[in-house]
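> Go ahead and model the full structure; you've got the sequences and the hints to work with.
Line by line, the protein sequences give chains A and B.
Residues 1 to 355 in the working numbering are what the first sequence lists, from first letter to last.
Residues 1001 to 1355 in the working numbering are what the second sequence lists, from first letter to last.
To be clear, the hints were calculated from the coordinates, so they are not data collected in a lab.
Just to be clear, a hint being listed does not mean it is correct.
Below, simulated DMTMM-like cross-link-like pairs (lysine to aspartate or glutamate); rule was C-alpha separation at most 20 Å, straight line [said to hold, decoys possible]:
| hint | chain 1 | residue 1 | chain 2 | residue 2 |
| --- | --- | --- | --- | --- |
| 1 | B | Lys1229 | A | Glu78 |
| 2 | B | Lys1231 | A | Glu291 |
| 3 | A | Lys231 | B | Glu1292 |
| 4 | A | Lys231 | B | Glu1286 |
| 5 | A | Lys266 | B | Glu1264 |
| 6 | B | Lys1266 | A | Glu291 |
| 7 | B | Lys1229 | A | Glu291 |
| 8 | B | Lys1229 | A | Glu286 |
| 9 | A | Lys229 | B | Glu1264 |
| 10 | B | Lys1137 | B | Glu1008 |
Under 10 Å between C-beta atoms, here's a sample of chain B residues computed to sit facing chain A [claimed, not checked]:
| hint | residue |
| --- | --- |
| 11 | Glu1065 |
| 12 | Thr1189 |
| 13 | Asp1212 |
| 14 | Lys1229 |
| 15 | Val1312 |
Cβ atoms here follow ideal geometry from the backbone N, Cα and C, with glycine treated the same way.
Number of protein chains: 2
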Amino acid sequence: MHTTQPIEWTPEGVRMLDQRRLPAEVVYITYTDYVGIAAGIRDMVIRGAPAIGVAAAMGVAIGVERSAAKSLDELRAEFPRICDTIARTRPTAMDLFWALERMKQRFAAATSDSNDSLAPIRAAMIAEAQQVHLEKKAIDEAIGRFGAELMPREGRVMTQCNAGALATAGIGTALGVIRVAVEQGCKLTVLVPETRPYLQGARLTAWELQQDGIPLTLITDNMVGHILKTKQVGAIVVGADRIAANGDTANKIGTYQIAVLANEHKVPFYVAAPISTLDLSIPGGEHIPIEERSPEEVTHIQGVRIAPDVSVANPAFDVTPARLVTAIITERGVARAPYTDSLRRLADSSATALS
Amino acid sequence: MHTTQPIEWTPEGVRMLDQRRLPAEVVYITYTDYVGIAAGIRDMVIRGAPAIGVAAAMGVAIGVERSAAKSLDELRAEFPRICDTIARTRPTAMDLFWALERMKQRFAAATSDSNDSLAPIRAAMIAEAQQVHLEKKAIDEAIGRFGAELMPREGRVMTQCNAGALATAGIGTALGVIRVAVEQGCKLTVLVPETRPYLQGARLTAWELQQDGIPLTLITDNMVGHILKTKQVGAIVVGADRIAANGDTANKIGTYQIAVLANEHKVPFYVAAPISTLDLSIPGGEHIPIEERSPEEVTHIQGVRIAPDVSVANPAFDVTPARLVTAIITERGVARAPYTDSLRRLADSSATALS
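This is how it looks when you write it as structure tokens:
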């Protein structure tokens, strides 16, 4: 399956598709240092929890690769600064912290093996970041296969925001499920809420689906209830930024109300996300920090002011309680309520179930 | 109470505030014939059901005033064309048809009195249109007084779209309720969903409240659920474009899902609308025609393309079932379930209860 690549490791540096400029322009930016990658994550050149994880891993790798450190001690001293800079970008995305932790562990192992030679450490970090990327792609394919079985054979499905290739650096989580279902012969039309304020649905999901030739209908976020009431919709599938131990799911703002509306209209509501999105350290969604973004995202669209200069709320995410989630689709299988048990079992199960 | 006037009868013609250009520019257009007024309604220079009613009445009046007819027979022949042109603009707004019916009745009475002199007919039609406007203002004040008693003494309230002065040519219906409550000393902050695609919340309601110095917080339409879940909201009050005999309410797209979310969070959900919005000829909301507007309203914002060229749905209204409506606030009092009884009683009661 051909899909757009939002991030690639290249000899010149880390190449990202600038998602802020889609769909008007397809522009790539090549970052040659970790500070640039941190800025790229923060400024949403790349977004989507799994893709942020890949970017974070590559950011650490390029930070080590291009470090001016002359000795292992100098590199060890610099390393936390690299990780901290990348950590202080998007607070909600679990994958960001998961990727940083993984790169820290690899760094610890590589440096403990090393006899003050930096070259093997640099090579190990680059290889690890590329491995993270490859694993993300395999994970998406597995999520897609498990999720496709839950899609209707034909008819309408709905998603939210962009949990596609642009968000994951694979085939996507929610859109991966839809892509595999379509590949397997399901005749689906995708309802795409535009997802204000950042318009990931209108700009990214609509663009991705159009590129793939999958039929879609773009709607505004306030049409969801009306559509579910007046049209047959077979399933809703969304991504996740973080999932608590009890199944409470943080995802793009608007997801919670879509889940309430799905429940009201008896439409199955699925979350598709990698195991790395699970945060078993927190019992419930009330512990997930919610990023508040700048008012200008609401008062301006593409630089054009649409509202007077007034007070604005701009929470980037919300939390959907587990009771509204029909199932959580992971690369290791499908979890259903009670999630505290089912998610724990999946988390404990061997990743080799993937193959 | 000083509020913006979206429409005025002037010696030069009918002066409208061009709501399409708010909040960036405050521009007035003076229409000197009924064809222009019909275009103004259709193109949303003026919008909001009650204001459309006033515009329709003034449109008929100016059509008669400026008619080239030389005799009563010629005027009688032209009159249906004037009314039909104005009728074929916005199909959902009940007030449009109510105002046309009233002007038709006045025309019938005036022409039956007349001895082929056109001047008194012209004067009668102008007076009737101005009377419609004055009545709308009185109606808003009465709705405001009844509704203010249902508002919290302090805290957050929410509205949707613009059911304000700009929508009614008075103090507004939903915003009239909030204005009177604030005047009476309630300390309210108004949550204003931006109301895509046309952004009446961001452009008009935020502007009106800012002009009046009433505190507000602008949100995107997909934040409603999250806000209701995480913040205390005391009441939601919206306008209506048409109310069926059983209380089912057509209003701006997004209203239905706000009502579902209000019900989920046990927040009272009020509809504020004049009796003229009632359509007792239809038993339930399934008979209300829903206007589908152009895809460009979704794919472009203020002329800037925000989505690729894909299929779009753009229903301008939705229907909220009566079971989700806590009460309907009219100028004759507050109706509660069962609405088939309470609305019929209010419709049958004398309009003099207004005074």
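> Run the structure past the numbered hints and jot down the numbers of the failing ones, going up.
Result: hints 1, 6, 11 and 13 break, sorted rising.
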